[in-house]
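Work from the hints to combine the two standalone chains into their complex.
Chain by chain, the residues run as shown.
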Amino acid sequence: MSTFDGLRRVFRVAGIRRDVKTDVEEELDFHFQMTIEELESQGMTSAAARTEAYRRFGDVRRYRKTLERTDRKKVNMDRLTESLFVFRQNVGYSLRGMGRSPGFTIAVIATLALGIGANATMFGIIDRLLLQPPAHVADAGQVRRLSAHGHWNSGEAFDFTYLSYPDFTDWQAAESFASVAAYSQDEWTIGRGDGAARVSVGLASGTFFQLLGVQPQLGRFYGPAEDQPGQSQVAVLSYGYWQRQFGGDASVLGRALDCGRGSYTVIGVAPEGFTGLELDAVDVWLPLEAFFVEAGSDNRRDRRTSYWLHIIARLNSGVDLAAAAAEATHLHRAGRAEVIDAGRYGRGDARIAVSPIQTARGPQASQESIVSRWLAGVSLVVLLIACANVANLLLARAARRKKEIAVRLALGISRRRLIGELLTDSVMLAMFGGAAALLIAWWGGEVVRTVLLPDVAWVDSPVDSRVLVFTTALALLTGLMAGLVPALQASRPSLTSELKEGAREGRARRSGTRLALLVAQGALSVVLLVGAGLVVRSLQRAESIDLGLVPDGVLVARLELKAGDPAREEVNRIHERGLERLRAMPAVERASVGGGIPFMWGSIADLYVPGFDSLPSVARPGPFIDAVWPDYFATMGSAVLRGRDFSEADYAGSMRVAVVNEAMARGLWGDEDPLGKCLQIGSDNAECTYVVGVVANRRHHNLLRQEWVYFIPLTQANDLWPVALFVRGTGDQNQLAAMVRRELMADDEAVRYAVVAPLQDIIDPKLRYFRLGATMFTVFGLLALLVAGLGLFSVLAFNIAQRTHEIGVRTALGASSGGIVKLVMRQALSLTAIGLAIGLAIAFVAAGTLQPVLYETSPRDPLVLIGVGLTLLLVSVVAAALPASRAARIDPIAALRSE
Amino acid sequence: MGQDELKLLQGTLDLLVLKSLIFGPRHGYAVARWIRDTSDAALQIEEGALYTSLHRMEKRGFIEAEWGVSENNRRAKFYGLTKAGQRELAASEKTWTRYAEAVFKILGAAGSEATA
Numbered sequence: 001m002s003t004f005d006g007l008r009r010v011f012r013v014a015g016i017r018r019d020v021k022t023d024v025e026e027e028l029d030f031h032f033q034m035t036i037e038e039l040e041s042q043g044m045t046s047a048a049a050r051t052e053a054y055r056r057f058g059d060v061r062r063y064r065k066t067l068e069r070t071d072r073k074k075v076n077m078d079r080l081t082e083s084l085f086v087f088r089q090n091v092g093y094s095l096r097g098m099g100r101s102p103g104f105t106i107a108v109i110a111t112l113a114l115g116i117g118a119n120a121t122m123f124g125i126i127d128r129l130l131l132q133p134p135a136h137v138a139d140a141g142q143v144r145r146l147s148a149h150g151h152w153n154s155g156e157a158f159d160f161t162y163l164s165y166p167d168f169t170d171w172q173a174a175e176s177f178a179s180v181a182a183y184s185q186d187e188w189t190i191g192r193g194d195g196a197a198r199v200s201v202g203l204a205s206g207t208f209f210q211l212l213g214v215q216p217q218l219g220r221f222y223g224p225a226e227d228q229p230g231q232s233q234v235a236v237l238s239y240g241y242w243q244r245q246f247g248g249d250a251s252v253l254g255r256a257l258d259c260g261r262g263s264y265t266v267i268g269v270a271p272e273g274f275t276g277l278e279l280d281a282v283d284v285w286l287p288l289e290a291f292f293v294e295a296g297s298d299n300r301r302d303r304r305t306s307y308w309l310h311i312i313a314r315l316n317s318g319v320d321l322a323a324a325a326a327e328a329t330h331l332h333r334a335g336r337a338e339v340i341d342a343g344r345y346g347r348g349d350a351r352i353a354v355s356p357i358q359t360a361r362g363p364q365a366s367q368e369s370i371v372s373r374w375l376a377g378v379s380l381v382v383l384l385i386a387c388a389n390v391a392n393l394l395l396a397r398a399a400r401r402k403k404e405i406a407v408r409l410a411l412g413i414s415r416r417r418l419i420g421e422l423l424t425d426s427v428m429l430a431m432f433g434g435a436a437a438l439l440i441a442w443w444g445g446e447v448v449r450t451v452l453l454p455d456v457a458w459v460d461s462p463v464d465s466r467v468l469v470f471t472t473a474l475a476l477l478t479g480l481m482a483g484l485v486p487a488l489q490a491s492r493p494s495l496t497s498e499l500k501e502g503a504r505e506g507r508a509r510r511s512g513t514r515l516a517l518l519v520a521q522g523a524l525s526v527v528l529l530v531g532a533g534l535v536v537r538s539l540q541r542a543e544s545i546d547l548g549l550v551p552d553g554v555l556v557a558r559l560e561l562k563a564g565d566p567a568r569e570e571v572n573r574i575h576e577r578g579l580e581r582l583r584a585m586p587a588v589e590r591a592s593v594g595g596g597i598p599f600m601w602g603s604i605a606d607l608y609v610p611g612f613d614s615l616p617s618v619a620r621p622g623p624f625i626d627a628v629w630p631d632y633f634a635t636m637g638s639a640v641l642r643g644r645d646f647s648e649a650d651y652a653g654s655m656r657v658a659v660v661n662e663a664m665a666r667g668l669w670g671d672e673d674p675l676g677k678c679l680q681i682g683s684d685n686a687e688c689t690y691v692v693g694v695v696a697n698r699r700h701h702n703l704l705r706q707e708w709v710y711f712i713p714l715t716q717a718n719d720l721w722p723v724a725l726f727v728r729g730t731g732d733q734n735q736l737a738a739m740v741r742r743e744l745m746a747d748d749e750a751v752r753y754a755v756v757a758p759l760q761d762i763i764d765p766k767l768r769y770f771r772l773g774a775t776m777f778t779v780f781g782l783l784a785l786l787v788a789g790l791g792l793f794s795v796l797a798f799n800i801a802q803r804t805h806e807i808g809v810r811t812a813l814g815a816s817s818g819g820i821v822k823l824v825m826r827q828a829l830s831l832t833a834i835g836l837a838i839g840l841a842i843a844f845v846a847a848g849t850l851q852p853v854l855y856e857t858s859p860r861d862p863l864v865l866i867g868v869g870l871t872l873l874l875v876s877v878v879a880a881a882l883p884a885s886r887a888a889r890i891d892p893i894a895a896l897r898s899e
Numbered sequence: 001m002g003q004d005e006l007k008l009l010q011g012t013l014d015l016l017v018l019k020s021l022i023f024g025p026r027h028g029y030a031v032a033r034w035i036r037d038t039s040d041a042a043l044q045i046e047e048g049a050l051y052t053s054l055h056r057m058e059k060r061g062f063i064e065a066e067w068g069v070s071e072n073n074r075r076a077k078f079y080g081l082t083k084a085g086q087r088e089l090a091a092s093e094k095t096w097t098r099y100a101e102a103v104f105k106i107l108g109a110a111g112s113e114a115t116a
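Residue numbers (the numbering used here), protein chains in the order written: chain F, 1 to 899; chain C, 1 to 116.
Excised from the complex, chain C in its bound form (with noise of 0.2 Å):
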């Protein structure tokens, strides 16, 4: 990949704002930021694709959202995991590893026939 900032695969941008609620509560802009931060800016991500997924999340149920106010004293709405989202969370985690692991194993292994 010839770019530093990596595009998204398909349904990672759900997992990984699941991902960054597992703290606690937190404000669009904080999960924004959170991954912004965590992956040190590798991955490019459009903020309104990052607060789609949210509400798209809040709509499934796996979210819950509820206006309260930001560590500078303004009024932000905040968004929760819920049971289910927990549950989904750690579903799709461990279904993203797996998938992702058998995709190096793939690129590992043709890497060392090509040694060979």
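Bound conformation, chain F alone (with noise of 0.2 Å):
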């Protein structure tokens, strides 16, 4: 009784907790029994003591409530200081288990790093790209982005992302919405001469920040007054080009800009981060008005048919969505009524979707950002594999612990206790984990950003707020995942028989768990490398996809002209005279004019063909038209297979002459001779043109697309002007490009500016996300392999070590080091095919999902899946090797002693 010292503490954490009410009630049942029996001792009767023991008490009811509620406070006090302290406890246990056993330490950190990194790292992309708001808008929710979606003729859907300025105007006049705005991206010279330099130009319309509510950072935005014509020359720097360009000084309110054609005012710069609701840098906004300056042209102000700009609008509070898609709907079609009812709108159906404004979430998504959401789906299978892993070596290191386990539970701590203490170690080591997946998110978003979103205006750092909540709370709950099972399964052994078993353990007892896990793990990470085996597959194909020219070598020059609204002979003449002095150089092998560039700028016009009542879904979009002059197929490195190019003889007044690619002149013709056909261009009355050429495949528009492209001469037509000059030359293609630059630009007074880059350019970021999502996925793949691998021989290891007796009697008894080799092969072995099988079946039933970013490339391709059958069986023997020498080496004489 006389000890109340710090000893008691202790064994007080395991009593019983008391309820307080009975304990009060029985405290004072003692003292009132004590106070009678002792008042009647000095003669009370045994009601007037009972009177007075009560009256010395006071209001029993009223104390007895004081008394609980002070010790319901401590109670609950205690519990705290307690589970405080046995977490400090947790803590410091689980500090010195990871100083004991480094290896393993250092295993389960890097394995829950990279899982939980790859993680973080998509977290931050995705983040970016879904899930937050453009940076400064107000209200965000409010604001809509609106888009135009509806059928061909042909049955075919079509989504129209950017639409007409005209939409734009009766837009405006909509009840469902406060404010709508208007903007496009552009790409223009600013500067003159050698000076000149392209930037990333915003033409947005004078409501444009007002309706996102943005406020400048300097000076002022423009509004609806100056977004005028003739009173468009102001222009609003973006943050980032204020610091790059004027190094941040605010006198630059009030210069001159020459951008483009003309000259404007700067009148602001815009917050830091601001990019409008587009992800992609902005270096200068200018006035809507500016493009019409620009183009020398009212044409696009009343044009329905030129889709060219993004439409959002803030919708007034209270109206909701599908009444604002409706009205902007009726507007729409009442706007092309004559278009419609003459059937050339398609069927007619187009409604407006009113989407979120985040583009990468509405039907405008890209393909960067469907690769994104698709690679942040397989991380988190990488990390479901590092946590299987995770979780089997913590299960390894608790079959070592068993018999401690078994004391620690015989002298009487709890079960949750131990539970506790166990996962507080798993969570430790994830925290640890989560902070070097920090450093991989640091780096591996670094990596992404460059490669898979170069275009995009990144403001953070990788690593921002947001990734280290993300980062922090999935490390919480990795360490939960991969330690409750272990810590469940060590908090109940059969405590007799880990007791009796002694030092030794007379056989290994296999844990089912393990193994399951171990399945888990090779069964996700087939899944994985057959997604990853497809995604390359696609790569490979569009890669050695014949786009029916040859990029390497060839130059595209585009000339910005002085001239506002030039003619087109001017045009013509501006464009023959660079031909000619290109065709000097000697550095250029052959040169040639286009009405249009691949992969960049097409176009379409009414193709009627005699025999044919409508051209088939197969040409749609398309057929693709171009104008060139001659030497351009050679120039662009197309064969032409049969027939003949144009010549200086195919002029303006001469029989109009086609070429087509080889694919239409198949899907129109079939095995007859195309040579001679009539193709009626622009109306099915027009004047033939003859099929005078067939060129091999050429593509046009979209890569991944056999497309129907036809060629007649830049002299016979008369809607396609000249677009850009292309040169075949040799040598570096940067400096050919500088020279053909300042070719163009000198001595010719209608050139302001000439932009000269290799075709390859302008191909390249078309294969962006196949090369990327297929690194990606290849990259995830490997690793899920390399965590398998390593999960099956830390349990073959471990399961030898644990045998090392058995095996002994086994070598003692005769059995060869072949034989035992072959005991362990054939169980690793045997775990990897029902693993494979496993895998093989899901990604059997999965692989559709995937077939969106696929190219010609069945999800059931059975060279990815023999491929990925092979590499998992070649990396389980591997991952065998090593413990199954080690176990046939295993000296019987030492083994048998050493217990």
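Hints listed in this document are in silico derivations from the structure and should not be mistaken for laboratory results. The hints are all genuine.
Calculated pairs, PhoX-like style, for lysine-lysine (alpha carbon to alpha carbon, straight line, at most 25 Å):
id, chain 1, residue 1, chain 2, residue 2
1, F, Lys-65, F, Lys-21
2, C, Lys-105, C, Lys-94
3, C, Lys-83, C, Lys-94
4, C, Lys-19, F, Lys-74
5, C, Lys-59, C, Lys-83
6, C, Lys-94, C, Lys-59
7, C, Lys-19, C, Lys-83
8, C, Lys-59, F, Lys-74
9, C, Lys-83, F, Lys-74
10, C, Lys-59, F, Lys-21
11, C, Lys-59, F, Lys-65
12, F, Lys-73, F, Lys-21
13, F, Lys-74, F, Lys-21
14, C, Lys-19, C, Lys-59
15, C, Lys-83, F, Lys-73
16, C, Lys-59, F, Lys-73
17, C, Lys-94, C, Lys-19
Given below as structure tokens:
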């Protein structure tokens, strides 16, 4: 009774928790009994004694309540102190444990770091693309993006994410919208002469900044009054451009900026990180009117067939989305009533969708964002595999500690306490893993940003506060997930058998859970590898597509002219002059002119072919038309398979001629000779244009589609103008590009600037998401394979260590080392085979969902499936090799003596 | 004061309770009895207040409680001083004594002035 020292605490923790109410009740009962007895012994009657005892005590009910309240508070406080104490103790155990087995600790932390790191990296990307509203936009939920969706007459669906200028003006009258804004992004030339540079220009209506509710960093934004013809010579710089070009100097306000054809006065600077509603960086913001000035024509002002503007609206409060969409649809169709009646706007069923402003979320999701979403899913699978692996390692360790745990349980430690201890350990490991994951996310984020999404204007570092919170939460969750099963299992050993077994375990007791985890890891990595294999196959196929041209060595040169609205003849002459000068350059082998730019700028004309009511839908979108000058095919590296190239003899008044690509020739006329066939371009009573040649399967618009393309001589084209000069030259492309630019700009008063770039630079970004998807998928797949292989290795090695005695006996009884190796290999391979079978089954079922990101690859590509199967078997053989050879080298005498 | 039993000054009860435990752990009844006996029943204390004080100080960590067996073989809750309780007792004893001395001094001075 006399010892109330610190020692007591240790046991109190395990003490029975009594009910506060009973405690107080009993204490007071004792008090009253004692008092009454004392009073009775002094001669009071029992009734009087009772009354006196209660009088002395005071208001029993009130006091009892006070006592209970006080006690309850104390109990709660005690519990808190206790759990903090236990937590601190557990953390201490955990840290000491880590120090004792550094190999194990590093393996677990590294595995978790990879798993969590992959997820943190992808979260950083997804967060910017899908989750966060654009920076600086006030009340972003009310801002919506408009797009049109309907069907062509053929039944094919169309999605117009760009709309026309008249749509913009029509919708301004809509009652659902408080405000409507239109914008578009373009590349313009800033500056004059040699100092000129290309910059990204945001063309935004006067309502744009007001609608978004953004505040300028400096100066002011322009408003609707300045977005008027003749008033639009104002410019707003982006924060980044202001910093880069003007060093953040406030005196930039009022300066004149030569931009494109005009001169603009800088009136303001946008806040840092503001890129409008797109993710791409913008350098300079100009009023939408500036576009018409630059184009030198008002064509697009009332042309409803020119789709070039993103249109957004801020909803009036209280208006529901369906009503807003219905009103916008009504206005959209009303403006096109004539066209719809004439059956020239597809089925006339276009409806307007009112979607969230994050592009990646809406119907305008880019391939990049779709691929990012996929990769995020894949990274989750990697984490699952890592979790399984860590759970397995923890189980193995728990098995090693079995005896210690059994002893502690026998000594009376509670299961709860034990589970808490084990979970603290796994969570601690996961937290360290999470910290390392941040480093991976930092590095990985930079890589993904620069390689996958180089055009996005990233503001924060790859690890911002949101990534930090996400990573911490994920680490916590991972720690619990990986630790739960091992903790539950370890805390429930059969006490007697563990204690009886003694120092040596007679036979290896196989843990079903561990084998199941191993199989699950194998299965998941098979799924990932199959996915990776399919995407890689797609990339290979996409990269080996025959584009029908040889981009290597070809430069594309676009001329910016001084004249505002030059006549077609003038444009022709300017290009002719440029072509002559280029052809005179020694480094230039060939040069020509085209009315389009492959994969960048294409045209479609109404086409009628005698003998056909309508063109087959395989030709849509298309057939594409291009108007070119002689020697175009040779310059582009497109082989003329039949007939002839255009020549100087094909002039305006001569017979109308065309060259078609092979797909079109075959699609229209099959095995018949296409030469001499008639095409009617523009209308069904147009004069015949005769096919004089067939060119290799040129693709024009979409790399991944076999399109129909036909060419006519520029001299015979009415609607197509020269768009670019094409040059095939030798030597370094960048040097040649500089030379070509100088040559084109020199001595020609009419040319303001020449934009010269390798054709490859236009093609490459089209496959970028493919390449990155394939790379990341492969990286994640290999990561999974590595983790699964290590998992197999560690479990086998552990088993061998446990079975040392048994194997020693076997060897002593005459088992050959080959037999022992076979024994280990059989176990490894049977586990792998089960995992493989399950994984392939899952892949077989799930691969279909991958179809949208594949190209000409069956989701059940046998080569991929077989390849993955062999890879997994190979890895498991490698993983089993070391444990097997160790098992074979067990010295029976040492093994038997070691007990 | 017209009454034989004195009303207790605030906070003094805690001090008395702590003091009652210096000879070792006691149950509540014993504490009550000790205070009554030692003060010759001069202090008027509701026993309920005494228990309130015991529990409050248990919560504050000055005393620790444990169930044990009483002199007459019944289950009773025993209270004992903790280290913190001993410190607290020493400190408040000192404060209380100084306070009382100061009050006495003033009372004494007033008395001598009156006689002068």
